[in-house]
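Chains as they are written, first to last, in this note's numbering: chain A, 1 to 525; chain B, 1 to 325.
In case anyone wonders, no lab produced these hints; they're calculated from the structure. The model shown is predicted, which means the values in this text are computed figures rather than measured ones. Hints may be right or wrong, so weigh each one.
Said to hold, decoys possible - Sample of chain A residues at the chain B side, in silico, Cβ under 8 Å:
1. T91
2. R95
3. K99
4. H167
5. G171
6. S173
7. N181
8. A212
9. S230
10. A232
11. D288
12. A290
13. N439
Glycine included, C-beta positions come from ideal geometry on N, C-alpha and C.
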Amino acid sequence: MISRLLRTIMLSLAATLLTLTGLAAQEAGGTLNLIVQPEPPTVNIGVNRLGPTTYVGNKIYESLLTYSADLKPLPRLAQSWSISDDGLVYTFNLRRDVKWHDGQPFTAKDVVFSFQKFLPALQARSRLNLAEVKGIATPDDHTVVFTLKAPYPAFIYVHNTAVLPAHLYEGVSDFRTAEANSKFIGTGPFKFAEWKKGSFIHLVRNPDYWDAGKPHLNDIFFHVIPDANSRAIAFETGQVDVLRAGDVENFDITRLAGLDGVQLTEAGWEFLQPVGYIHLNNRHKPLDDARVRRAIAHAIDRQFIIDTIFGGFGHETNGPLSRLSRFKDTSVETKYEFDLAKANAILDEAGLKPDANGVRFELQFVPLPYGELWQREAEYVREALASVGIKVNIVATDVPGWFKRLTTFDYDLAENFVYTTPDPAIGISYAYTTLEGDNAGTTGGNVHGYSNPEVDRLLADAAHENDFDKRKALYSQAQKIISADVPLIWTHDIVFPTLYRTKVHNLIATGLGTDENFADVWLAK
Amino acid sequence: MDRLGFLTGRAARAVLILFGVIVLNFVLLRLAPGDAASVLAGDQGAADPAFVAELRHDLGLDRSVPEQLWIYTKSLARLDFGQSYRDQRPVVDIIAERLPATLLLTLTAFCFALGTGIALGSIAARHAGSLLDTVLTGISVMFFAMPLFWTGLMAILLFSVWLNWLPSYGMQTVGEGGSDLSLVGDVAVHLILPALTLGLFYMAIYMRVTRASVLDVLDRDFVRTARAKGLKPGLIWRQHVLRNALLPIITFASLQAGQLIGGSILIETVFAWPGVGRLAFDALMQRDYNLLLAIFFITSTIVVVINLAADFLYVAADPRIEMGA
Numbered sequence: 001m002i003s004r005l006l007r008t009i010m011l012s013l014a015a016t017l018l019t020l021t022g023l024a025a026q027e028a029g030g031t032l033n034l035i036v037q038p039e040p041p042t043v044n045i046g047v048n049r050l051g052p053t054t055y056v057g058n059k060i061y062e063s064l065l066t067y068s069a070d071l072k073p074l075p076r077l078a079q080s081w082s083i084s085d086d087g088l089v090y091t092f093n094l095r096r097d098v099k100w101h102d103g104q105p106f107t108a109k110d111v112v113f114s115f116q117k118f119l120p121a122l123q124a125r126s127r128l129n130l131a132e133v134k135g136i137a138t139p140d141d142h143t144v145v146f147t148l149k150a151p152y153p154a155f156i157y158v159h160n161t162a163v164l165p166a167h168l169y170e171g172v173s174d175f176r177t178a179e180a181n182s183k184f185i186g187t188g189p190f191k192f193a194e195w196k197k198g199s200f201i202h203l204v205r206n207p208d209y210w211d212a213g214k215p216h217l218n219d220i221f222f223h224v225i226p227d228a229n230s231r232a233i234a235f236e237t238g239q240v241d242v243l244r245a246g247d248v249e250n251f252d253i254t255r256l257a258g259l260d261g262v263q264l265t266e267a268g269w270e271f272l273q274p275v276g277y278i279h280l281n282n283r284h285k286p287l288d289d290a291r292v293r294r295a296i297a298h299a300i301d302r303q304f305i306i307d308t309i310f311g312g313f314g315h316e317t318n319g320p321l322s323r324l325s326r327f328k329d330t331s332v333e334t335k336y337e338f339d340l341a342k343a344n345a346i347l348d349e350a351g352l353k354p355d356a357n358g359v360r361f362e363l364q365f366v367p368l369p370y371g372e373l374w375q376r377e378a379e380y381v382r383e384a385l386a387s388v389g390i391k392v393n394i395v396a397t398d399v400p401g402w403f404k405r406l407t408t409f410d411y412d413l414a415e416n417f418v419y420t421t422p423d424p425a426i427g428i429s430y431a432y433t434t435l436e437g438d439n440a441g442t443t444g445g446n447v448h449g450y451s452n453p454e455v456d457r458l459l460a461d462a463a464h465e466n467d468f469d470k471r472k473a474l475y476s477q478a479q480k481i482i483s484a485d486v487p488l489i490w491t492h493d494i495v496f497p498t499l500y501r502t503k504v505h506n507l508i509a510t511g512l513g514t515d516e517n518f519a520d521v522w523l524a525k
Numbered sequence: 001m002d003r004l005g006f007l008t009g010r011a012a013r014a015v016l017i018l019f020g021v022i023v024l025n026f027v028l029l030r031l032a033p034g035d036a037a038s039v040l041a042g043d044q045g046a047a048d049p050a051f052v053a054e055l056r057h058d059l060g061l062d063r064s065v066p067e068q069l070w071i072y073t074k075s076l077a078r079l080d081f082g083q084s085y086r087d088q089r090p091v092v093d094i095i096a097e098r099l100p101a102t103l104l105l106t107l108t109a110f111c112f113a114l115g116t117g118i119a120l121g122s123i124a125a126r127h128a129g130s131l132l133d134t135v136l137t138g139i140s141v142m143f144f145a146m147p148l149f150w151t152g153l154m155a156i157l158l159f160s161v162w163l164n165w166l167p168s169y170g171m172q173t174v175g176e177g178g179s180d181l182s183l184v185g186d187v188a189v190h191l192i193l194p195a196l197t198l199g200l201f202y203m204a205i206y207m208r209v210t211r212a213s214v215l216d217v218l219d220r221d222f223v224r225t226a227r228a229k230g231l232k233p234g235l236i237w238r239q240h241v242l243r244n245a246l247l248p249i250i251t252f253a254s255l256q257a258g259q260l261i262g263g264s265i266l267i268e269t270v271f272a273w274p275g276v277g278r279l280a281f282d283a284l285m286q287r288d289y290n291l292l293l294a295i296f297f298i299t300s301t302i303v304v305v306i307n308l309a310a311d312f313l314y315v316a317a318d319p320r321i322e323m324g325a
């Protein structure tokens, strides 16, 4: 009994000591070396939302909220918030101790300016958000009240957007060309110091950051290294500390992960929830026939794509939502197992008999021009579909050509991946809702030309349903229909690994992963 | 024809060529599918057709191609190259940040290639048929046959990863301050690998051309006559052989000025060298027309000027060639 007590005391002491040493080890100072690729046009996240822009810009600018790995909103510029029971009124109480990097105080005026004027002028996504809002009020300098037109639960997930300093834009009418855009004045833990175009971006510690004692790091350098092999070497030789998804090809990741002092994590994509696609142009024959689309789904071995092409990073999926979504319902999805005989039988039944050369029909495939792996996937799909009598011609294109072909429905098959985000109302609604006209506007939209009035109704109702369980039921119904209709092939629920040196601590602290502000990141000496 | 007339004629021709470059590139770029508005909207993720149309209107891309060309030519006449669609800054500023890096890289590579190419080519020709000639020819064929990016990656593996002698990328050590002098040293160390990689490829060409040209001249009657007259071999070599052999090398070198800048795109990518070659590639991927056209214009000007200089060099190298001939 005594020995047990002693053991407990000893263990508690040891635990306390460990915690204390852990705390002591949380050292201040140091320089973190990262890679930003491609080099962004700006690091002002109010101007655009490109991956490289947010990676750098989120350390300079802040938003009202951030989100945990289990997608709970966390305080940032808003220290607390409340949502009315009817889901119509969102009240945010702002921090009172926040200053912009130029010393001016941060107030509710900045939030209103950003949401009402700046962001909608430049960002398509913000227009959609603003369309849900009836009015914005500021009862005092540190309170912002959004009143919505109808309940829109996704609204809590739109507050990862930048808040910009209103005082820099006084008298400015054209926000796109405003000089203030390149001053990079935020409230974040790091201040912009220098940008040597083509070489590096340098951020320095903000000594007046509202979260006292943070950030821990003194400097962050974002190195610009355009070539994937050179990026791998820069990491291998210790010149940079972190490699993010897309920095190196997947086949290099396993090798680099095996290096001494290197850690691999799959965490940090809970907010964005990426899913890989092969679009099928539903407006082109014979892809307008759901049977043909199902046959194609059965003819592609998606586990092979995940294992062989994407280095095992990914999960099979049969519906529009990511495995990380709270609304994902695998029980209602149709399973498209790899089965060539079944694919052939469906195509025969659809009346698409092979000709003398064994070809049923031809399709034009536009690969995603973002690296080697997508090209390889396209080549695999060409071979896979050839075995069921579908001749695939791969059409080479660059990024602008790919945008053009997808948004104007000028393709049969095309690769893409999208961020399905924490809320389907933001992430998937516009990809499956009927689109009028012959221009989809953006590649993230309904470029497959899918149209099902029942799905339109379910998605619209679910977006504006305030009760979580009812919402979930509506999304389940939508997933059931979409999965059966298979308007596109969901190739894989993407896993984006991040590699980092073990001396880097707290790199992934929330669901935003490396897009976080890095106030908590510290380096062991 | 007098020198002034010759110069004016050539300059007028150069201006015409540059105008042709602008018009041709302007039209070619517009023929490529997708424009800056579609790329910028694509970056948004949630843009609708109205948003794209608005963007296209703001950028002036909704006008007809001849109309856009007319507006562009008019501003060019005022030496206004316009704004970058993507960076929202004057393209001249953007290029000015990057051009010095490319010039430093290409000029260093060019001087290295020309110097060593002529020297090694002459040695090979002088010892034609010997083991030394075979070795030198073998080396030149090897560097000529190896793709630039491959040579670059192998050089990085050898000198940066295994030997750890030289930095693998960039133009300077990121995050290291210091005096101007230490910065010059730092840039010089960073310059070695990219300049060597680019230089070795062109060295191989100049070496081959020099060797062939020298062998050709050595066979000529006037060399035989010079020898028969009892002139010193060194004098024959300098005054008669090399001088005559230089003509095709000048032609080659001037023609390759453009290719050298083209080659720098690959080298700048592999070595993360912050030059204009990489900038051009990025601008093309973004359909940033104004930026791309200005880069074409400036690099074309450099090539035209080099060719103009080559015309003068011919005269200096060979008195038989007259101005305007």
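Evaluated hints:
Violation of the interface hint for A/T91 is found here, the shortest Cβ-Cβ separation to chain B being roughly 26 Å, above the 8 Å cut-off. For A/R95, the suggested interface contact is broken, since its CB lies about 29 Å from the closest CB of chain B, more than 8 Å. The closest approach between the C-beta of A/K99 and any C-beta of chain B is roughly 27 Å, which is over the 8 Å cut-off, so the hint fails. Contact between A/H167 and chain B, as hinted, is not supported at the beta carbon level, the nearest pair being about 21 Å apart and thus beyond 8 Å.
Look at A/G171: its Cβ only gets to about 18 Å from chain B, farther than 8 Å, so that hint breaks. For the restraint placing A/S173 at the interface with chain B, the shortest Cβ-Cβ distance is roughly 13 Å, beyond the 8 Å limit, so the hint is violated. Against a cut-off of 8 Å between C-beta atoms, the interface hint on A/N181 holds, since the closest Cβ of chain B lies about 7 Å away. With 8 Å as the threshold, the beta carbon of A/A212 stays out of range of chain B, its nearest partner Cβ sitting at about 26 Å, so the hint is violated.
A least Cβ separation of about 5 Å between A/S230 and chain B falls short of the 8 Å threshold, and the interface hint therefore holds. Interface restraint check: A/A232 against chain B, minimum CB-CB distance 10 Å, threshold 8 Å, status violated. A cut of 8 Å between beta carbons decides the hint on A/D288: the least distance to chain B is about 22 Å, and the hint is violated. Annotation: interface hint on A/A290 violated; nearest CB of chain B at approximately 26 Å, more than 8 Å.
Below 8 Å, beta-carbon pairs count as interface contacts, and A/N439 has one with chain B at about 4 Å; its hint therefore holds.
Checked against the numbered hints above, the structure breaks hints 1, 2, 3, 4, 5, 6, 8, 10, 11 and 12 and satisfies the rest.
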